[in-house]
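Student: Those protein sequences? They're chains A and B, same order as listed.
Okay, so the first sequence: first residue is 1 according to the working numbering, each after it adds one.
Okay, so the second sequence: first residue is 1 according to the working numbering, each after it adds one.
None of these hints come from the bench; they were simulated from the model.
Watch out, some of these pointers could steer you wrong.
[As the list claims (entries may be wrong)] Output of the computed footprint for chain B on chain A, the stretches with three or more beta carbons under 8 Å from beta carbons of chain B:
id, stretch
1, 24-37
2, 146-158
[Said to hold, decoys possible] Chain A side only, calculated, beta carbon under 7 Å to chain B, not exhaustive:
id, residue
3, VAL230
4, PRO231
5, ILE232
6, ASN234
7, THR311
[Said to hold, decoys possible] Computed far set for chain A versus chain B, every beta-carbon distance over 10 Å:
id, residue
8, GLY53
9, GLY236
10, ARG330
Please read all numbers here as calculations on a predicted model, not as lab measurements.
In this text, a Cβ means the ideal position worked out from N, Cα and C, and glycines have one as well.
One letter stands for each residue in the lines below.
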Amino acid sequence: MIRGAAPAILAAVGCIALQALLGEWAFFGYLASLVGVNVILAVSLNVINGMTGQFSIGHAGFMAVGAYTGGILSLATAQDRIGVLPEVVSDQLFLVGSLCAGGTVAALCGLIVGLPSLRLRGDYLAIVTLGFGEIIRVIVQNTQALGGALGLSGVPQRAGFGMVWFWVFLVVLMARRLAASPHGRSLWAIREDEVAAEAMGVDTTSYKVRAFVLSSFFAGVAGALFAHFVPIVNPGSFTFVKSMEIVVMIVAGGLGSTTGAFTAAVFLTLLPEGMRSLFTTLGGGDPSLAQKVDQVRMPIYGVLLVLIMLTRPQGIFGTHEAWDAVARWRKKARA
Amino acid sequence: MRSILLSAFAALAVATLGCEKKTAPVEPPKPADVKPLEGKPAPAPAADTGDIIIGEVGSLTGSEAAFGISTRNGIELALEDANAAGGVKGRKVKVIVYDDQSKPEEAASATTRLITQDKVKLVLGEVASSNSLAMAPICQDNKIPMISPSSTNPSVTEKGDYIFRVCFIDPFQGFVMAKYAREELKFKNVAILKDVKSAYSVGLTEVFERKFAEMGGKVLGIESYAKGDTDFRSQLTAIKKLKPEGLYVPGYYNDVGIIARQARELGLKTVMMGGDGWDSEKLFELGGKAIEGSFVSNHYSPEDPSPQVQNFISKYKGKFGGVPDSLAALGYDAANVAIEAMKRAPDLSGPALRDEIAKTKDFPGVAGTISMNEKRDAVKPAVVLQVVDGKFKYVATVKP
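So here's chain A without its partners, still in its complex pose:
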């Protein structure tokens, strides 16, 4: 038990230390949080799209559920604190509560959406999840209590990048252990051949639903984190385009590879901001050049994606994992 929790405790300490060291750099913190949220989304979507071979394109919908649930909860408890603890700790505890609640509600939605649609084979899940994402967005847009089309603002901005990256660590740990577990083996079997898996005694529907609920939970947490460092939660942030962005990340990284999803999420999130910095440096500090190319960033992003797919259709990592390579290299070094 203690051995199992050791990595999480170590990671928590590491994240707190990083937050304390680098917390002063607002821009770095903001970018790191944005990257972290995208990594959580990509790695969690990889569980269902990559490992299980189902095709979900409504991840932004689950993210929205988590964002609004977590946001509303934190708004309601913004003035509360646990008396025995210092305010910072108490706030962070409330934050963790909001995050878990956001994840749980998203997971429930995942169960409701997944149960009927995952009994079927093929593209049905894609259609249902697409519909779900749009329904959530339209509901939010028309609900005054959630801020309507303008969005929810005033959510206490409690999530530092330390908290975000702690969850990144958790989701990667979950994905890695899942992939190596008997449960994960069944998921891989479903991905490779559903009929064969069923013939071998794998209860395909229940495995698919469990993977989907797990994936939705982390999407909800990612959304709730997002609500705690972006000053406004707006339905425009959870459109179909956002869902596709995440799908693009896992396809570019290699379907089924957790490290691939991780790398692609980091790379693709930093790319637009990186280009901005690059152009500013090239312009020799003259802002006018950076401005002129600012609008060209998106087409360049598109061209890069096309290039990745042309040169490496299986994605950057294929189905390989970075830690497998490390293990192999270690073995070789020992031999």
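Dock chain B against the given chain A, drawing on the hints supplied.
Tutor: Using the frame of chain A, we list chain B on its own:
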């Protein structure tokens, strides 16, 4: 200072048990907060002689790109004028514009970048209220003044005392139209058709209804529709029975066009009135002859005969081609208010600039004379336009 506050708070916290309400009005900063820049080393003295950098965040791509580009053009023109006239305190003013792709999270990231990386003195933007709301807390926490050219939602400037706007807020238009209908058009009774789904429409209706009644008019009835409806005949029939002299429809152009058509089909010949939601070329496509003779309130009209407006228009035409829309005019005004404040301010620190912007009074903008009120919203006149031959024609200016 912060650590003392924190430890004091911790001591207080240990003393009390259980879950309770926060007592201190001033919360100590949490690690998650965007840190104010105060603790940082002061900028190098060389910065006092170089260009003054201000920042702008706008939607240059994405769903609201047309708005963002107009605004940027207006701001560029204002800076060009200011630099040609000798700049501010003998230094040139430069603007760094970042695109936010019409997304709030990008707006927040661009604002953080402008303030922490580019060290701008002041931020201009955004057009869409939801994007401005994403930027406002960041500017407020870093004590950098922010001027929004055209976010009309009241909640934007409620975010803090560093947040300003140079346009009027939504409900003011309700007052303008009520005043014009009662005093100029001499209407005694009107009906209202509002969009229940839009905060904008509901806000305008509320103020119009109250003010019109206060001025001695009578609102005969209020009918509702929901954005995206295509059939308004039942509401219009009900309105026709009331026989109003005027019909106030504070909605968006896509609905208004259809409403006008169906009203005329039903033989409802009442004069229609609206707000700046009508402001689109599409209105004339959808409404055709049905909207002829209607009145709308708006921020500015290119037909305003004042020399300042005409001068702005000819300069804009020369540089960008085409007649500037109200967003360009408001962008121009926002930049000019900022430049004037920088000229008057003793130094270019955030608090000094904020105080000067707050003191803005009777500033002659192209989209009306601007005075800041205590809520940091601009108090300024609106124009009333009439639809004549498929175009908006300037008819009057209504003062607050």
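Student: Each hint should be assessed against the structure and marked as holding or not.
Tutor: Hint by hint, here is what the structure shows:
Note: the stretch 24-37 of chain A has 8 residues with beta-carbon separation from chain B under 8 Å; the three-residue rule is met and the coverage holds. Evaluation of the coverage hint for the stretch 146-158 of chain A: fulfilled, as 7 residues show C-beta separations to chain B shorter than 8 Å, against a requirement of three. At a threshold of 7 Å, the smallest CB-CB gap from VAL230(A) to chain B is about 5 Å, leaving the interface hint in force. Given hint, PRO231(A) at the interface with chain B, holds; its Cβ is 4 Å from that chain's nearest Cβ, closer than 7 Å.
The restraint placing ILE232(A) at the interface with chain B holds, with a minimum CB-CB distance near 4 Å, inside the 7 Å limit. Because the smallest distance between the Cβ of ASN234(A) and any Cβ of chain B comes to about 5 Å, under 7 Å, the interface hint for this residue holds. At about 27 Å, the closest approach between the beta carbon of THR311(A) and any beta carbon in chain B exceeds 7 Å, and the interface hint on this residue is violated. No Cβ of chain B comes within 10 Å of the Cβ of GLY53(A); the nearest lies about 31 Å off, and the non-interface call holds.
A beta-carbon of chain B is positioned within 10 Å of the beta-carbon of GLY236(A); the least distance is around 6 Å. In this structure ARG330(A) is separated from chain B by more than 10 Å, as the shortest Cβ-Cβ distance comes to about 37 Å.
When the structure is compared with the earlier hints, violations turn up for hints 7, 9 and for no others.
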